[in-house]
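From first to last, the protein sequence lines are chains A, B, C and D. All residue numbers for the first sequence refer to numbering that gives the first Met the number 0, where the first residue is 0 and numbers rise by one. All residue numbers for the second sequence refer to numbering that gives the first Met the number 0, where the first residue is 0 and numbers rise by one. All residue numbers for the third sequence refer to numbering that gives the first Met the number 0, where the first residue is 0 and numbers rise by one. All residue numbers for the fourth sequence refer to numbering that gives the first Met the number 0, where the first residue is 0 and numbers rise by one.
These are calculated hints, taken from the structure and not from any lab test. Bear in mind the structure is a predicted one, so any value in this text is a computation, not a measurement. Incorrect hints may appear among the rest.
Just so you know, same-sequence chains aren't split out, so a pair can sit in one copy or run between any two.
[Unchecked claim] Taking lysine to any residue pairs in the SDA-like style, the calculated list, with each CA pair at most 25 Å apart, reads:
1) K275 x L252
2) K117 x L169
3) K117 x D231
4) K275 x A161
5) K275 x L70
6) K275 x R87
7) K117 x T227
8) K275 x S121
9) K275 x Q332
10) K275 x T227
11) K275 x H259
12) K117 x A1
13) K275 x A95
14) K275 x P157
15) K275 x A197
16) K275 x L169
17) K275 x A88
18) K117 x A273
19) K117 x P346
20) K275 x T256
21) K117 x A2
22) K117 x Q332
23) K117 x R212
24) K275 x L38
25) K275 x S339
26) K117 x A23
Number of protein chains: 4
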Amino acid sequence: MAAERPLVESLAGDAEIAAHFSAAAELSAMLHFEAALALAQGALGIVPAGAAGTIAEAAAGLSADIAAIGLGMARDGVPIPALVAELRAACGQDAAAFVHRGATSQDVVDSGLMLRLKRVLSLIDGRVAALLDILRAIEADQAGTPLMAQTRMQAALPFTVADKLTTWRLPLESHRVRFRALATGLPIQLGGPIGDGASFGRDYPALRADLARRLDLRDAPPWHSDRTPILDVAHALALLTGSLAKVGQDVALMAQTRVHAVELAGGGGSSAMAHKRNPIGAEVLVSLGRLNAGLLGTLSQSMIHENERSGAAWTLEWLVLPQMAEAAGSACQLATALLSGARFAPPGGSSQ
Amino acid sequence: MAAERPLVESLAGDAEIAAHFSAAAELSAMLHFEAALALAQGALGIVPAGAAGTIAEAAAGLSADIAAIGLGMARDGVPIPALVAELRAACGQDAAAFVHRGATSQDVVDSGLMLRLKRVLSLIDGRVAALLDILRAIEADQAGTPLMAQTRMQAALPFTVADKLTTWRLPLESHRVRFRALATGLPIQLGGPIGDGASFGRDYPALRADLARRLDLRDAPPWHSDRTPILDVAHALALLTGSLAKVGQDVALMAQTRVHAVELAGGGGSSAMAHKRNPIGAEVLVSLGRLNAGLLGTLSQSMIHENERSGAAWTLEWLVLPQMAEAAGSACQLATALLSGARFAPPGGSSQ
Amino acid sequence: MAAERPLVESLAGDAEIAAHFSAAAELSAMLHFEAALALAQGALGIVPAGAAGTIAEAAAGLSADIAAIGLGMARDGVPIPALVAELRAACGQDAAAFVHRGATSQDVVDSGLMLRLKRVLSLIDGRVAALLDILRAIEADQAGTPLMAQTRMQAALPFTVADKLTTWRLPLESHRVRFRALATGLPIQLGGPIGDGASFGRDYPALRADLARRLDLRDAPPWHSDRTPILDVAHALALLTGSLAKVGQDVALMAQTRVHAVELAGGGGSSAMAHKRNPIGAEVLVSLGRLNAGLLGTLSQSMIHENERSGAAWTLEWLVLPQMAEAAGSACQLATALLSGARFAPPGGSSQ
Amino acid sequence: MAAERPLVESLAGDAEIAAHFSAAAELSAMLHFEAALALAQGALGIVPAGAAGTIAEAAAGLSADIAAIGLGMARDGVPIPALVAELRAACGQDAAAFVHRGATSQDVVDSGLMLRLKRVLSLIDGRVAALLDILRAIEADQAGTPLMAQTRMQAALPFTVADKLTTWRLPLESHRVRFRALATGLPIQLGGPIGDGASFGRDYPALRADLARRLDLRDAPPWHSDRTPILDVAHALALLTGSLAKVGQDVALMAQTRVHAVELAGGGGSSAMAHKRNPIGAEVLVSLGRLNAGLLGTLSQSMIHENERSGAAWTLEWLVLPQMAEAAGSACQLATALLSGARFAPPGGSSQ
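With the rest of the complex left out, here is chain A (with noise of 0.2 Å):
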């Protein structure tokens, strides 16, 4: 807890995701995608080969003047002419002018955009993957517990905490599908100044294709002003943060004190009662639900990209996906601690 930062990020932050969208992570990935590039130039025959391992060197040597980054960013409103600047420099000047060949900023922030995506997809995944394993171990332990359903916020019937673990577990579970086929198709961004690819070349469709295998990432055409990739993304985000609090809400449901169908472990104290214990958890999880619900919503106003490169509708993804990535790996850390210490119908509770 950094004293310059809010205090809710102690509650509903995540380091370890906002670690992927940190200015030191924007400009490794653009300085691999940098490096990739050369290389995949040089094995075209497109750039010296010479130059190109010395541009590769060089981009995986460089330690940004991040200060001088940050003011070419507010500068440019993109940080790659001052981040091209320190590469060229750094590379000598006769591979100075192989750097970033063809290219446009607009491929550098798309691509390492979605180099860092595919790692914030995979660890989401794996949280997902541990959280699914604790309901696996919930049913082993409580399955044919009996709880009350409830509809339209009145007890129904009688079914059994098997059941209310189901209602969580399949909707984790295809996600879980959509987040792994999400992570394999993420598409290379690479079409020049104005997206038709002509910088390149009449080796670019070799070149597009051999950097995409280089960098991991579908070999695609551009989509500099067709946003459902990113778009794709926040609706996985948006749906697991969903679910997730979702089963905030039925926890905070269950543990209301005359339902007592759940006992948590732990509990927020109160500085004014001390004989509470508040369902904190399960409260964050639907606050972080209706933030991404929101977010999803605003971050759709940027498929209306004008033109060929809309600055406003690209600075609006910035502003908004980051933090739907970090409130979807929070949720998914905080239910993994409400169900590790949670257990369904305690004695003295009610199965109401």
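For chain A, the structure is supplied; the task is to place chains B, C and D on it using the hints.
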């Protein structure tokens, strides 16, 4: 244009899509479900074959009392108790007891919605196909015509009409793939009062599979409290409307007086400035895109579906999804009309 | 309940509010504006007194051809060119030239909306007043009845029905103050084609003041590209719907089977579980609150109103604001019905 | 620019505003509240005068252990139990029992937020004032310079720089009135555990009035479950950001290559097209406007604040409101920089 409806419907509404969300269409789909359920239960011997036939016939012939159903809806929050009462009365005493056997309102409402969405998705897919034909016709005619690409609201580099059309066409083609996959995979809802299938007895799996087959829906476990199928449809609708809004925004920018990179047929008249030809269709595409982006975020709140059935979250879906479908349908029509009358780089215009 | 409208309207719609957003009401308000404009111009000598009288009389008597207006709307993006043509025809040749003198569509559409919003705000304010009467009646009857306060979904400390009602009453009272201030301050829109008033000549300030007086609107400079007045109304509607959704959420939580801190009259029936009494009205209040919250965010996008008139942003308002008003009106009716039949801390219930 | 923060912060962030939402600022405001509460209780004789002085001194001098507070926040959902424990330890045994007397976490958190919002609103108001000075300077210089008004994305009629500036200036002036009224009316939160004031004893009204005076906040009944004050601030922030986004959108449209109705100083460089000068600030204004519009809708969901305190709704506020304030602050800075370097109707440009 009915006097009791808002004028904006004549500009941005879509009566053909709206018809699939009318009380008449809702009731028709619900009765179709009740008929198929009875027949499937008859085939499995859960319901006497004669009664099943009687129910199916009565459902096919029933002209529901819409005023009475509306009153029932206002009282019960769902139309099913009132509708089932009418259907039972129409069946006669012997078959009445077998109507709606084991089912709950959500089975009928959600499955009925899926039946209608299937048609809506197909309708919209057909419209996108027609729009793609127009794009191809323009390309056949003007592929090589030069235009000026615009990035970040500034002239960038020259490209061609074909390049511009590619950026409009590719997302629409990918949305068509999505729409068809969705239409094929729309799931049946059958779970009974608390979504565990118990009310249908031990034949539940066979019944669900057979009913899905009869309704031409995908056999799937109950999703009563996991609204991913609804959100997937909404996401697809928002993507489409977003892509068409991007086309509208592009056209409005290209049609600007000083830019004049496209000439539109018609154009809206002004009550004050006789010289003006306003790009109405292009603007309304943007409005519909922003509307559906926002509605997607609003609808996403309904993922937080508390317990085994949330009236609050479910009703929110009914208030939002139909207008998203109507907006998407209307956007297809507007885009088709807009581009049918468009000519790029008109004489006397500018390539910039 | 009309067969061509969705069933959900019988649950969550409000025909009385919707009527103020019908084509008939829109045209009536627009004609009222055109009449008042002519009379104000007549009084200032800008238009011959005889022509002004003729126009006012024709406007009052005109039964617009709604189908034709709808076609005009679809063509021009606004109904005014078609409506003005009808009004001119009705006036006869001499007066025709003085119809809509100096005005632009936006003057008529926006001022016409303000005239209707005035009635809508007053209607809703009256409904909130009626709801407050019910709260006071409950308080007179049950003020001291003990209840258990709930914080963070846990029993906190005992308080009374009066304490609970206070938390519902205070926001409604403050919203009433807001609604009345808004109704009093709704601004006239009069600016001519580009919003600078030049088309009305040197008498523009006097004309605007006189016209505002005739329309009982606030004299104000043109707000053609500053949509704050629209957003202020939307904000008030969302606040009201939010406060009523909070009441609905509270009632649904208090009406839970095990909590039973309130007993509701009626209650929705279930098609599958005869014992259930579902708190339908409470749930729909929550749906409407979530709807209006989301719609407020969507409508806020229309603040980004490009240049001197944005068809895209303006049309978005027409698609969103009416449903926000209808949701607010409906929420008032639902809350009134819900609380009229509510009894707190019923015998056999729990104070928790 | 810190390596662990996203690059977009250097483009669209506002460190000065963000500082008011840091843990350090939060804790400082909370301790200020605890000190004032003790002093007010001391003045009323509820707390011994010596203990009150000791508490106030300890609070003023306390350097909270932020890591420990963060752990407490994660455990309790609020920082208050951990903070109060630290303050008690710092006070010594005699005064410890009088710390936080009668208060609950929400009193401290909400009142602390109001204290910080007061400064934030004043800061933003000052920035808008500075921006208005720039608009007036431009007007002094170029008032009569002709421009072409644009309606519905088409050239309409000629007007002047003064006319254009008026449409930007009026909403900003009205927002200033709003910001100052809000800042003056920010309410104290003081209600105790369940918001009825009972924990403060019979002196509650006098205590609340005195504490409000000491904190320079408005004396007001508890609004623990009525979040209107939060939404009013958010609405004002969204209006401001919307109006500035409108300015940004206008500038971006006017700065288009073929339109060239404004010339901007600087302009962002491109990594691929050396001739380009991108209107970065104008675009980011639009991004921030769309962000805050969407966030307003998301935050509005928190009006549905269940029961006497909703952790879910409250936490959502903490996740959304700070970024809205930061976006508004950043928009002011961007608009100021953008317009400081703008020249309308530049030589060689077009009046259209």
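For each hint, the structure was consulted:
1. K275 x L252: both (15 Å within a copy, 19 Å between copies)
2. K117 x L169: Both: 23 Å inside a chain and 23 Å across chains, each within 25 Å.
3. K117 x D231: Both, since 13 Å and 22 Å are each at most 25 Å.
4. K275 x A161: between (29 Å within a copy, 24 Å between copies)
5. K275 x L70: Between. Shortest inter-copy distance 18 Å satisfies the 25 Å Cα cut-off; intra-copy 50 Å does not.
6. K275 x R87: Answer is between; shortest inter-copy Cα gap is 21 Å, intra-copy 61 Å.
7. K117 x T227: both (16 Å within a copy, 22 Å between copies)
8. K275 x S121: neither (38 Å within a copy, 38 Å between copies)
9. K275 x Q332: Only inside one copy: K275 and Q332 sit 23 Å apart there, 37 Å across copies, limit 25 Å.
10. K275 x T227: neither (46 Å within a copy, 27 Å between copies)
11. K275 x H259: both (13 Å within a copy, 21 Å between copies)
12. K117 x A1: Answer is between; shortest inter-copy Cα gap is 24 Å, intra-copy 28 Å.
13. K275 x A95: between (65 Å within a copy, 21 Å between copies)
14. K275 x P157: Intra 28 Å, inter 14 Å, cutoff 25 Å: inter-copy only.
15. K275 x A197: For K275 and A197, only the inter-copy Cα distance (18 Å) is at most 25 Å; the intra-copy one is 66 Å.
16. K275 x L169: neither (33 Å within a copy, 27 Å between copies)
17. K275 x A88: For K275 and A88, the Cα distance is within 25 Å only across copies (23 Å; inside one copy 62 Å).
18. K117 x A273: neither (45 Å within a copy, 33 Å between copies)
19. K117 x P346: neither (45 Å within a copy, 48 Å between copies)
20. K275 x T256: both (10 Å within a copy, 22 Å between copies)
21. K117 x A2: For K117 and A2, only the inter-copy Cα distance (21 Å) is at most 25 Å; the intra-copy one is 31 Å.
22. K117 x Q332: within (19 Å within a copy, 35 Å between copies)
23. K117 x R212: Within one copy only: 14 Å inside a chain, 38 Å across chains, cut-off 25 Å.
24. K275 x L38: neither (62 Å within a copy, 28 Å between copies)
25. K275 x S339: Within one copy only: 20 Å inside a chain, 33 Å across chains, cut-off 25 Å.
26. K117 x A23: Answer is within: at 17 Å inside a copy they meet the 25 Å cutoff, but 35 Å across does not.
Consistency with the previously given hints fails for numbers 8, 10, 16, 18, 19, 24, ordered from lowest to highest.
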